[in-house]
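Asks: Protein chains in written order, with our numbering: chain A, 1 to 225; chain B, 226 to 961.
Simulated from the structure, these hints should not be mistaken for laboratory data. These numbers come from a predicted model, not from an experiment. Hints are not guaranteed to be accurate.
[As the list claims (entries may be wrong)] Just the calculated beta-carbon pair ranges, DEER-fashion: (1) B:G946 <-> A:N193: 45 to 51 Å; (2) A:W33 <-> B:N910: 55 to 61 Å; (3) A:A225 <-> B:T286: 53 to 59 Å; (4) B:E481 <-> A:N129: 37 to 43 Å; (5) B:E241 <-> A:W33: 40 to 46 Å; (6) A:M27 <-> B:G846: 38 to 44 Å; (7) A:P67 <-> B:E478: 40 to 46 Å; (8) B:G674 <-> A:N129: 38 to 44 Å; (9) A:T113 <-> B:Y600: 45 to 51 Å; (10) A:G181 <-> B:E526: 26 to 32 Å; (11) A:G96 <-> B:E526: 32 to 38 Å; (12) B:G849 <-> A:T113: 44 to 50 Å; (13) B:E933 <-> A:G26: 54 to 60 Å; (14) B:G946 <-> A:A225: 26 to 32 Å.
Ideal Cβ positions, reconstructed from N, Cα and C, are used throughout, including at glycine.
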Amino acid sequence: MKFGVITFPGSNCDQDLLYCIRENLGMEAVSLWHKDTDLQGCDFIFLPGGFSYGDYLRSGAIARFSPIMNEVVRHAERGGYVMGICNGFQILTEAGLLPGALIRNVSTRFMCTNVHIIPQTQSTRLTANLESRAYKVPIAHAEGNFYCAQDDLKALNDNEQIIFRYCDENGNITPESNPNGSLENIAGVTNKNKNVFGMMPHPERAADNLLGNLDGKFILENLLA
Amino acid sequence: MITVTAETAKQLGLSESEFSKICEILGRVPNFTELSIYSVMWSEHCSYKNSILQLKTLPKTGSRVLKGAGEENAGLMDIGDGLAVAFKIESHNHPSAIEPYQGAATGVGGIHRDIFSMGARPVAALNSLRFGNPDLPKTRHLLKGIVKGIGDYGNAFGVPTVGGEVYFDDCYNTNPLVNAMSVGIVPVGKTVSAIAAGVGNPVFIMGSATGTDGIHGATFASEDISEASEDKLPSVQVGDPFTEKILLEATLEAIETGVVVGLQDMGAAGITCSTSETAAKAELGMDVWLDKVPVRQKNMEDWQILLSESQERMLFILEKGKEEAVTKIWDKWEIPYAEIGVVTDSQMLRYYMDDKLVAEVPAESLVLGGGAPVYVREQKEPAYFEKIRKFQSKSISVPAKQQPVIEFLLQVPAIASKKWIYQQYDSMVGTDNNTTNAQSDAGVVRIKGTKKGLVVTTDCNSRYVYSNPETGCALAVAEAARNIVCAGGVPIGVTNCLNFGNPHNPEVYYQFAGAIRGMKLACEMFDTPVTGGNVSLYNQSEDGPVFPTPTIGMVGLIEDITTDRFTMALQQAGDFIYLIGKNVEDFGSSEYLYSYCKVKHSPAPYLNLTEEKALQECILGMRGTKLVKSVHDVSDGGLIISLLESAFAGNVGFDLHTSPDMRVDMALYGEGGGRAIVSVDASLNSEFQLYMQTCKMPFTPIGRVNGENVIVNGELIGTVGYLKSLYDNALANIMS
Numbered sequence: 001m002k003f004g005v006i007t008f009p010g011s012n013c014d015q016d017l018l019y020c021i022r023e024n025l026g027m028e029a030v031s032l033w034h035k036d037t038d039l040q041g042c043d044f045i046f047l048p049g050g051f052s053y054g055d056y057l058r059s060g061a062i063a064r065f066s067p068i069m070n071e072v073v074r075h076a077e078r079g080g081y082v083m084g085i086c087n088g089f090q091i092l093t094e095a096g097l098l099p100g101a102l103i104r105n106v107s108t109r110f111m112c113t114n115v116h117i118i119p120q121t122q123s124t125r126l127t128a129n130l131e132s133r134a135y136k137v138p139i140a141h142a143e144g145n146f147y148c149a150q151d152d153l154k155a156l157n158d159n160e161q162i163i164f165r166y167c168d169e170n171g172n173i174t175p176e177s178n179p180n181g182s183l184e185n186i187a188g189v190t191n192k193n194k195n196v197f198g199m200m201p202h203p204e205r206a207a208d209n210l211l212g213n214l215d216g217k218f219i220l221e222n223l224l225a
Numbered sequence: 226m227i228t229v230t231a232e233t234a235k236q237l238g239l240s241e242s243e244f245s246k247i248c249e250i251l252g253r254v255p256n257f258t259e260l261s262i263y264s265v266m267w268s269e270h271c272s273y274k275n276s277i278l279q280l281k282t283l284p285k286t287g288s289r290v291l292k293g294a295g296e297e298n299a300g301l302m303d304i305g306d307g308l309a310v311a312f313k314i315e316s317h318n319h320p321s322a323i324e325p326y327q328g329a330a331t332g333v334g335g336i337h338r339d340i341f342s343m344g345a346r347p348v349a350a351l352n353s354l355r356f357g358n359p360d361l362p363k364t365r366h367l368l369k370g371i372v373k374g375i376g377d378y379g380n381a382f383g384v385p386t387v388g389g390e391v392y393f394d395d396c397y398n399t400n401p402l403v404n405a406m407s408v409g410i411v412p413v414g415k416t417v418s419a420i421a422a423g424v425g426n427p428v429f430i431m432g433s434a435t436g437t438d439g440i441h442g443a444t445f446a447s448e449d450i451s452e453a454s455e456d457k458l459p460s461v462q463v464g465d466p467f468t469e470k471i472l473l474e475a476t477l478e479a480i481e482t483g484v485v486v487g488l489q490d491m492g493a494a495g496i497t498c499s500t501s502e503t504a505a506k507a508e509l510g511m512d513v514w515l516d517k518v519p520v521r522q523k524n525m526e527d528w529q530i531l532l533s534e535s536q537e538r539m540l541f542i543l544e545k546g547k548e549e550a551v552t553k554i555w556d557k558w559e560i561p562y563a564e565i566g567v568v569t570d571s572q573m574l575r576y577y578m579d580d581k582l583v584a585e586v587p588a589e590s591l592v593l594g595g596g597a598p599v600y601v602r603e604q605k606e607p608a609y610f611e612k613i614r615k616f617q618s619k620s621i622s623v624p625a626k627q628q629p630v631i632e633f634l635l636q637v638p639a640i641a642s643k644k645w646i647y648q649q650y651d652s653m654v655g656t657d658n659n660t661t662n663a664q665s666d667a668g669v670v671r672i673k674g675t676k677k678g679l680v681v682t683t684d685c686n687s688r689y690v691y692s693n694p695e696t697g698c699a700l701a702v703a704e705a706a707r708n709i710v711c712a713g714g715v716p717i718g719v720t721n722c723l724n725f726g727n728p729h730n731p732e733v734y735y736q737f738a739g740a741i742r743g744m745k746l747a748c749e750m751f752d753t754p755v756t757g758g759n760v761s762l763y764n765q766s767e768d769g770p771v772f773p774t775p776t777i778g779m780v781g782l783i784e785d786i787t788t789d790r791f792t793m794a795l796q797q798a799g800d801f802i803y804l805i806g807k808n809v810e811d812f813g814s815s816e817y818l819y820s821y822c823k824v825k826h827s828p829a830p831y832l833n834l835t836e837e838k839a840l841q842e843c844i845l846g847m848r849g850t851k852l853v854k855s856v857h858d859v860s861d862g863g864l865i866i867s868l869l870e871s872a873f874a875g876n877v878g879f880d881l882h883t884s885p886d887m888r889v890d891m892a893l894y895g896e897g898g899g900r901a902i903v904s905v906d907a908s909l910n911s912e913f914q915l916y917m918q919t920c921k922m923p924f925t926p927i928g929r930v931n932g933e934n935v936i937v938n939g940e941l942i943g944t945v946g947y948l949k950s951l952y953d954n955a956l957a958n959i960m961s
């Protein structure tokens, strides 16, 4: 499996992801520039966190028009794997590769803290081998409040497209454990074909033994299986 | 054309004697543009004219120092493995007082530019904030805006905030303090200098276009805050973190080419400051065509272009004939740039507008160490010292029950958890923050590719400095060093941010001189040279000056973070708890006296620098052993608050006993220096005691880690969960 990480102007988790894939997961990863029109033969494309184009208009709204996004869409349509984390998730919803939208946190404030999430399905590559328990993974966003229309929500539930929900440390999905007001505590979703993933929490920030938390690594390791 | 007189000079903040000196240097009366140049370059902010003689007494050399104070945009120290750390702290007090969001945001932007303009990549940010009484709506307005400004800028820029401090006091009601620190890493020998070397080399401006924002900002920062300050809104700059992120990447990539001869960011006094300082440093001159500078609006005057403090701009001096290697990179990043000048051998700065010479001044005459004026100000012991001398501890009756005092202190905004604030900052981007899942007294940032970690902190309890400038400032340095040691690091260097009132007030200047003496003594004791920083005077309003606040930013080093780190959380029921260091009967200037007993004047807390140093050596000697399971220093709020913080981190209670020979309020709430709390596994108890005896370090058993209750001298104070909720929610309750 060869990974590619796209750098948009304003991405700031691109180097973290490259480090994580290479050093923590021991896999090959290349850096892709937003103006590239070639995915360099990558099997799995990551859209990293950050503030693409400053997010001055609406998170991810401009980055979706970057030249490389045409290739990302084609890759996804061919069944190739794509995953967006945080700002990457926002870009994928703007690009229409994932349903829903990420709106402003209910608190209206940026929030950076460890939260817990619990896998909701084993029907996707990302979650296939995860235990049904709370995973501790950090969030860092001001616009991570997942929202979608009722029909879409029903479809997401019916097709097992919800991959993670926010929960407490014991795995209970409660209003108190929802850090941003997301519908039904949704922290991450996949598309119908289950080859495109998006999540607000940052697994790459919890993948290094030296930082005292490996729950993010346990999630990402599924991609290597 | 404005006719320049001494009156014009006064309006720009220059004294009559300064105006005469300018006329003397030029051999004629300056035109308005030239006068504007001198007014910003000779402001306190740029010239340090009222402070430099004091600053020169501070220790600035050491084996690790690669670039010392005043040499470059930031201090630079060797940390081994071929790497160096660049670090600096700077204030943005006056802009934040007027426009909190942009004022604080651009403060963060400015300090990061100081670091990456040296070629270092910023890896950590800290901030030290002072606000007024949180019960005032204005304070909450300032707090919300400043915190959001710091967060929005730093979060988008992508550097984690790993530490800092927040205090509240009425003295900051009108004049909050915003001190931002940046820490970066660069391979030794890969740094760039802020120098305009090489006659004939082209000079480029790169980054945002120049607008009319922030004109005379440096002058604005060098006067008292008043109602009229609100009219100075255009003196406040507007920040754009997205451009700053592009600026960072495009700058570091440009440096890789080897074609960059010199580089300086544009902060205070914009093009004026960057061109004059780089030229003066090279003992050369520069011709600059202001009409070539990309501008945001039409019809900008020459002096506006010169003085604009528009953010996210850099001045590059490139090697003639090889410019394309760099401009190619800037094109890739789509960042605007323009060639605006050339290095000359004239030692003069000549600024042209549409081929017309609009200003001509000797570069050297503008800068610190050159022609800028230097003053010694009058000192007088502050009148309030008399009140401090009159304080008698026996006038304070010992509280019968401790529970109400402890609950009160846990919710004092200065002590309560700052979670409401720091959760608005991205503390984890970069995946190097070692404290996210293992709290310690200072921030620990691992350095990828090595076993090392940087340990960083900012400290200053200004109440102590108010009570005794010399002892108080030494305590600030001592606490910073202690925090680094209690995280397992060896302190290596200091950057300071000196926030004081108006230097023309002899009492303020007395505080300033005293604080510098204390800093000197303490920095010598801990072998932490001062590598730079920033002076912010005129922090005063109609209410009077703020407490003297010499914020200490300190950097330390852990050689091996896999073995040498200490953390602060209590671990396991049954562990023994010890207070180590000399325990003196004292509660001077404690939060208890100040806030609970409402005693506004009392002596500074106890400090003995030799004892403090011995304590720190003793703690460092336990690195790599299992002798202690937690380490946490005693500071704000005293022994009980420190122990509670460790209990909250470990989610476990304790049973505490204080000595019957000591007043219980002094034992629990005294804030004297040179002490720390450690917890020890029962199986290693005798080995620990033996080590303490070997170190000749005083140690007092004060209790055991135990269950979910907090018990003090047999009195049940509450459960850990309950007390933690008070501590965690106090600030959020105030802010909502």
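Asks: With reference to the structure, classify each hint as holding or not holding.
Replies: Comparing the hints with the structure gives:
Between B:G946 and A:N193, the C-beta spacing of about 46 Å keeps the proposed range 45 to 51 Å intact. The hinted range of 55 to 61 Å is satisfied by A:W33 and B:N910, whose Cβ atoms lie roughly 59 Å apart. Distance hint check for A:A225 and B:T286: the Cβ-Cβ separation is about 57 Å, which falls inside the suggested range of 53 to 59 Å. For the hinted restraint 37 to 43 Å between B:E481 and A:N129, the CB-CB distance of approximately 42 Å keeps it satisfied.
The supplied range of 40 to 46 Å is broken by B:E241 and A:W33, whose beta-carbon atoms lie about 58 Å from each other. At roughly 42 Å, the beta-carbon separation of A:M27 and B:G846 lies within the given 38 to 44 Å, and the hint holds. The given range of 40 to 46 Å is broken by A:P67 and B:E478, whose C-beta atoms sit roughly 20 Å from each other. The given range of 38 to 44 Å is broken by B:G674 and A:N129, whose C-beta atoms sit roughly 31 Å from each other.
For the pair A:T113 and B:Y600, the beta carbons lie near 48 Å from each other, so the given range of 45 to 51 Å is met. Against the hinted window of 26 to 32 Å, the Cβ-Cβ separation of A:G181 and B:E526 comes to about 49 Å, which falls outside the hint. Taken as a hint, the range 32 to 38 Å is violated for the pair A:G96 and B:E526, whose Cβ atoms sit roughly 49 Å apart. The hint said 44 to 50 Å for the Cβ distance between B:G849 and A:T113, and at roughly 31 Å that hint is violated.
At roughly 42 Å, the beta-carbon separation of B:E933 and A:G26 lies outside the given 54 to 60 Å, and the hint is violated. Separated by about 40 Å at the C-beta atoms, B:G946 and A:A225 break the suggested range of 26 to 32 Å.
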